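**Q** Given the coordinates of chain Y, assemble chain G onto it according to the supplied hints.
Chains Y and G, in that order, are what the protein sequence lines are. Residues 1 to 186, numbered by our numbering, are exactly what the first sequence covers, in order. Residues 1 to 186, numbered by our numbering, are exactly what the second sequence covers, in order.
Just so you know, these hints were derived from the structure itself, not from any lab. These figures come from a predicted structure and were not determined experimentally. Please note that the accuracy of each hint is not assured.
Okay, the calculated bits of chain G under chain Y, using three or more residues with CB under 8 Å as the criterion [as the list claims (entries may be wrong)]: (1) 15-24; (2) 52-60; (3) 74-80; (4) 112-122.
Among the chain Y residues that face chain G by a calculated CB cut under 10 Å, a handful are [what the hints assert, rightly or not]: (5) R9; (6) L20; (7) R97; (8) S101; (9) L103; (10) V139; (11) T147; (12) Y167; (13) S168.
Note that CB positions come from ideal geometry on N, CA and C, so glycine has one too.
Number of protein chains: 2
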Amino acid sequence: MTTRADRTRRPFALADAVSLLTRTPATLDSMLRGLPDDWIAAHEGGDSWSPFDIIGHLIHGEQTDWMPRARIILEQGEGRTFEVFNRAAQFEESDGRTLPSLLNEFAILRRQSLRELEMLHLTATDLDRRGRHPAFGVVTLRQLLATWVAHDLDHVMQIARVLARQYSDEVGPWRAYLRVISGAQG
Amino acid sequence: MTTRADRTRRPFALADAVSLLTRTPATLDSMLRGLPDDWIAAHEGGDSWSPFDIIGHLIHGEQTDWMPRARIILEQGEGRTFEVFNRAAQFEESDGRTLPSLLNEFAILRRQSLRELEMLHLTATDLDRRGRHPAFGVVTLRQLLATWVAHDLDHVMQIARVLARQYSDEVGPWRAYLRVISGAQG
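With the rest of the complex left out, here is chain Y (with noise of 0.2 Å):
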């Protein structure tokens, strides 16, 4: 590994991708097991979502959206664009589940969905290889399988956002300091 002057930024790196995916079930469970029932509920106003709602959401991702999406690039390329990902399938789909039973779910298919991965031995070139998105347009693989780890991890942030703004008045004077509460940029 190379000494890198810019720390802010890293080039894809399939190894580093499967590292981080492969992570997120567990961190996920850790947040969020056994947390009473009214923090799973617990969202930011308006229509914003809940964690058990990201956990629904992160479920029809790997049903619809990741791998699947791989997979059209690779056997289809560009002539065929994806099929628009549906942000709210969530509130059926979960609707009448319990949080354990999604995160059991979450894991399960995470799982799955790197075996898959691993079977295709992606080359550098299989990585430029290109797919149309429904409202991009033509985006590569590499492109795809990046935003999938920063789209685990923007939910994580989402998470741990809801969570401590339940506290956002309960921590006083103090909330000045807290980043996650002031909404003050990072």
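**A** Structure of chain G alone, referenced to chain Y:
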């Protein structure tokens, strides 16, 4: 547990706080242990912190901030101003350490802190007891403990953001959808 229309705020409850605080070492472990070194040293530019810096900061908090300040409140009240927290202590204290060693130390210190907290058998009256913060003036034990919880989650959020932003370029057009990268407020 009562049904609440407002899912954006929770009143402080000691059992909830302990449940959240107990989880943090495993969450950080899952996110970071075994990641390549250059991800551990990644940051957001300027003098922003890396995951390595953040774990050191959390260790320093266990040693000098949370339970030490709780004891000051209970033993000396608002007559004794808290020490100023050193936000740069980790740069010296973590020097030469490895991330696994810092994660191990944090987990041990957190267990000790929570054992001490439990042994205080705090009552609702205790939670109203007051101390004096060097910048804010009078604060309560309840506010201190709520801040401990939110502070953990603030740094979980920060680590997720630091890692995700390493792929700010690699995600290509998807950056528009990733709030962790675009910085759009949730």
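**Q** So which of those numbered hints doesn't the model satisfy?
**A** 2, 3, 4, 7, 8, 9
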